[in-house]
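> Each chain is listed here by its residues.
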Amino acid sequence: MKKITWLFGVLLFVWFFMLFELWLILQVILPLTIEADGFFGALLTGIVRVGAGAASVIFWLWLWRRIQYTFFWKMFKKAYKERS
Amino acid sequence: MFTEFFTSIIVFLVSALTTLFFTPMVADKMRKRGMVGVDVHKQSKPEVPEMCGIGILVGLVVSILVSLTFLQKYVVDFLTFLSVVLSSGLIGAVDDLKRLGPRIKPLLTAFASLPILLMGAYDARPVLPLVGRIRLTVVYPLLIPFAIAVPSNAVNMMDPLNGVMSGTSSIVVFVLTVSAAILGHWNAVILGAGLLGSLLAFYHYNRFPSRVFPGNVGTLAVGSAIGALVVIGHVEAIGVVAMMPHIMNGFYFLASVGGLYERKQMPVRPIRALSDGRLAANSNPSSPLTLTRTILALGPMKEEEVIRYFFILTAFSGLLAFLTMFMMM
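Residue numbers (the working numbering), protein chains in the order written: chain A, 1 to 84; chain B, 1 to 329.
Hints in this document: simulated from the structure, not taken from any laboratory. In this text, all values refer to a predicted model and were calculated from it rather than measured experimentally. Check each hint, because a few of them may be wrong.
[What the hints assert, rightly or not] Okay, derived cross-link-like pairs now, SDA-like style, lysine to any residue, Cα gap no bigger than 20 Å in a straight line:
id, chain 1, residue 1, chain 2, residue 2
1, A, K3, B, E305
2, B, K302, A, Y80
3, A, K81, B, A280
4, A, K81, B, R31
5, B, K73, B, E4
6, A, K78, B, L298
7, A, K77, B, N282
8, B, K29, B, R211
9, A, K78, B, M301
10, A, K74, B, K73
11, A, K78, B, R278
12, A, K74, B, P285
13, A, K74, B, P300
14, A, K3, B, R308
15, B, K42, B, R31
16, A, K78, B, L274
17, A, K74, A, W6
18, A, K74, A, F8
19, A, K77, B, P285
20, A, K3, B, F311
21, A, K3, B, F316
22, A, K3, B, K302
23, A, K81, B, L298
24, A, K77, B, P300
25, A, K78, B, S287
26, A, K81, B, P285
27, A, K81, B, N284
28, A, K77, B, K73
29, B, K42, B, A273
30, B, K302, A, I4
31, A, K81, B, M301
32, A, K81, B, A273
33, A, K78, B, K29
34, A, K77, B, L298
Go ahead and model the full structure; you've got the sequences and the hints to work with.
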């Protein structure tokens, strides 16, 4: 059990960040408005919302991948070096 | 509520017994027709009958039809559910027989969501943790094809070792069914009970050392059944969290390989079988980073040990799913 603690950690990170992303997008990003009138203002607001939402999700996925790769190779080198 | 609870128990028993009875028959037929796959992780390389997931489908269909004799008020939901599962099962069967491309399969499974859209068997106001109920009148229907295609292909990819698909899916369905019962979504409880009965019965034959393989007919049908259960039963957030190991497995694979490929198309395998019968992670940096390889980063292990870790991880995400449910209440 102790051996896979790091995988529990990754799961917890993914879960926690998923909830945070949900809150961020629905409570912070969606209410964002750009103070400009008419069609241009609405367009700009839409672009900012979609851009910010997409950027936050891409950051989350990037971070997840990075953590996974770092831990994988760390554990792999440790486990297989001990055996060789 | 008593009728629904009673129906769930009946559905569970009928689906389990039907699958227990039919799966060996399907296995015999498949073996006679030469539909066998080699269990590559065993030293003796035994041949195991493929496409036995048909047993799961039979159990599910019979049990849901039986439930309609007790309860008619969910007839639209139940028939929609069966349409989605049978369409995905059909896609899986075609894939087993003719090999669809790795890009065609997700597209076709997305089309399997059409019955949900056509029958309107969804509520576009999902309840989300920390946020509460939100209205997604336009966006929700657009997400439904993903809600079927993603779990069906994720379950399809989560079939690397004996019993992993049926075992981990059983845990996910158990979590969804109990959550639906706590939330009072009885249509989902009955569907979940049917699916759980079939999966547990199938696991009896599919567990290590496997006597049957589900084939794409089984994996795609089970995945789409989970997706349909989540949408029809209105347990979206719980479903996503419960399926995190499946999603992780798919995400790692896509992120490391950079696209959709069939298992047989991979030039480098993620794991290798050692001469002493244990499994080890492949050290080649270009081999796909699947969840099996991730677990094997801890060192060479016996197949049973890796399978146990899959179950522990899925059970842990099940606990997180329960926590998510309480955050929704």
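> Are the hints correct? Go through all of them and say.
Against the structure, the hints come out as follows:
no.	hint	in the structure
1	A:K3 <-> B:E305	holds, 12 Å
2	B:K302 <-> A:Y80	holds, 15 Å
3	A:K81 <-> B:A280	holds, 13 Å
4	A:K81 <-> B:R31	violated, 43 Å
5	B:K73 <-> B:E4	holds, 10 Å
6	A:K78 <-> B:L298	holds, 8 Å
7	A:K77 <-> B:N282	holds, 12 Å
8	B:K29 <-> B:R211	holds, 14 Å
9	A:K78 <-> B:M301	holds, 15 Å
10	A:K74 <-> B:K73	violated, 55 Å
11	A:K78 <-> B:R278	holds, 18 Å
12	A:K74 <-> B:P285	holds, 13 Å
13	A:K74 <-> B:P300	holds, 15 Å
14	A:K3 <-> B:R308	holds, 13 Å
15	B:K42 <-> B:R31	holds, 19 Å
16	A:K78 <-> B:L274	holds, 19 Å
17	A:K74 <-> A:W6	holds, 11 Å
18	A:K74 <-> A:F8	holds, 16 Å
19	A:K77 <-> B:P285	holds, 12 Å
20	A:K3 <-> B:F311	holds, 15 Å
21	A:K3 <-> B:F316	holds, 15 Å
22	A:K3 <-> B:K302	holds, 15 Å
23	A:K81 <-> B:L298	holds, 11 Å
24	A:K77 <-> B:P300	holds, 12 Å
25	A:K78 <-> B:S287	holds, 19 Å
26	A:K81 <-> B:P285	holds, 16 Å
27	A:K81 <-> B:N284	holds, 15 Å
28	A:K77 <-> B:K73	violated, 58 Å
29	B:K42 <-> B:A273	holds, 8 Å
30	B:K302 <-> A:I4	holds, 15 Å
31	A:K81 <-> B:M301	holds, 15 Å
32	A:K81 <-> B:A273	holds, 18 Å
33	A:K78 <-> B:K29	violated, 47 Å
34	A:K77 <-> B:L298	holds, 9 Å
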